[in-house]
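*Asks:* Here are the chains, one letter per residue:
2 protein chains.
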Amino acid sequence: MVKVVVVGSIAFDSIKTPFGSVQKALGGSGTYASYASSFFSKTGLVGVIGNDFNQNYLNLLKRKGIDLSGVTVNEKEKTFYWKGEYKFDLNSAITHETQLNAFSSFKPELPEAYKNADYLFLGNISPELQLNVLNQMNKRPKLVLADTMNYYIQKNPELVKKVINEVDIGLMNDSEARMLFNTNNLMTACKKILALNSEWAIIKKGEHGAIFMTEKEFFSAPGYPLENVKDPTGAGDSFAGAMLGYLASKNSVSQKEIKKAIVYGSTVASFNAEGFSLNNLQKINKKHINSRFKEFKKISEF
Amino acid sequence: MVKVVVVGSIAFDSIKTPFGSVQKALGGSGTYASYASSFFSKTGLVGVIGNDFNQNYLNLLKRKGIDLSGVTVNEKEKTFYWKGEYKFDLNSAITHETQLNAFSSFKPELPEAYKNADYLFLGNISPELQLNVLNQMNKRPKLVLADTMNYYIQKNPELVKKVINEVDIGLMNDSEARMLFNTNNLMTACKKILALNSEWAIIKKGEHGAIFMTEKEFFSAPGYPLENVKDPTGAGDSFAGAMLGYLASKNSVSQKEIKKAIVYGSTVASFNAEGFSLNNLQKINKKHINSRFKEFKKISEF
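Chains as they are written, first to last, in the numbering used here: chain A, 20 to 321; chain B, 20 to 321.
Treat the hints as calculated values from the structure; they're not laboratory data. Everything hinted at is true.
The calculated label-pair distances, taken between Cβ atoms and stated as ranges, are:
#, chain 1, residue 1, chain 2, residue 2, range
1, A, S123, B, I113, 40 to 46 Å
2, A, E177, B, S123, 50 to 56 Å
3, A, P130, B, N110, 44 to 50 Å
Pulled a few chain A residues facing chain B out of the computed Cβ check, cut under 10 Å:
#, residue
4, N110
5, N203
6, T207
7, K210
8, E246
9, V248
10, F315
11, K316
12, S319
Positions of the beta carbon are idealized from the N, C-alpha and C atoms, including for glycine.
Looking at chain A on its own, in the form it has when it is part of the complex (with noise of 0.2 Å):
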């Protein structure tokens, strides 16, 4: 039985960092938060691929134990593709071309098995697309992630605080929170996310790790000492995807084990980023994470 239900892009990157490349490789949000949440929880992903998506990487996500029921092909149109650099500061990419192909139609459909599930990750799609999908479901779930992006934020501010206000955790990187409430301060920013009957405030720091604010406690999670940093594509979606993964294999929301989900997040983010697109995170299983995670426990303590 499908968990956790992952709704975003199904991509084909190219990629450029100062240590490598890759052309059309697997990419895309769904695909990221899927493959992370998968190594805790039974997960279905929701997504659009088009006419000359590689059946290789659909069988790469089917081993993995994805559940792929909610992915449609578009006959007539090619798949996302995105392409971009990273350099000397891997915290920014550059977007060289993007076309958003069958994305740009998509409007996502949950398949009836999916509809019960109890964790919900809404991906990169607009904050109108995430709403109609939290609609669709049977039932509340017991949480619901939605990530943002700079672009949706420029667009339109208001309509992403109203998806911060509907779901339980708005998930945003530090510049995204400063960009959407006009502060630099990240405390700040928090209590205006929690401002917006959002139970909890999550915000990513990358290379810095991540700090959870609720109207009770505030946590700091570090961030792990990567040395090798190849690709940051899809950490933050990674991270998404391994803390609703976890959560939904313990089957609770307490704020002791979300801050562990955040740990265990971080730790997949960490892999993810070892590698170039899923490359790295096709090599670890349950045991290099959480030994890792132990290894974060480690760090922080003094």
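Given the coordinates of chain A, assemble chain B onto it according to the supplied hints.
*Replies:* Relative to the frame of chain A, chain B by itself:
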């Protein structure tokens, strides 16, 4: 008996931030570091003031118990003056004016009573003077911490590296580390610090805390969740001073104590940033510091 010796600037600072401004307020690397250290251990300050210095400022340091026998007066010059501004991004200062004045001809001379101290902080003096001060000591201190600055890294990176080679901890912030070692990766930078015969590497990351690396260990200290940063000036010096003061109070340089010292450094630096000049540091005592230290523990546990 003076346990911690601090060498650095004593200055008038005129500072503007989005949250207010001060004119000719007490500042300087030596001032901040000695004040922060004196919460924990008897501290002596070596620096120079000009003919226009404010006696109230000296009294403020005296009342804190700081030994001022190392402070000389240059009757022919004015006091070091810095005029700067922080805009939206409080991480980087914009310098509007620097008048070195008495500081330009400053040749630190340690009082005899300081020459046996076990803990030495070499603040923002030139690398040449840092080495000169170290040679004035009667014996090698237990722990020598040297700060560095963008200015000296640009001017003479090899000499900055020579200082790191001679001292125990070459302290720098993330942007300085990236510049000095020509890498964007802070793990790589830490390893390069260690390769310079430094037993410990510490990199300050501003709001994101600090990282610490030895041959065998890694530690990530969180930043304190500050909502009301008024003026970040002196944060790095407060961090260094409190670190050394704490270690001197324990008379230990064990890894366990160094980790704690880093968190005490972050604690005092966070109080400092909540006010202009030394205004907020003047309002706090050991109780406040210990209570916030405990909060640091709480926010990093999972």
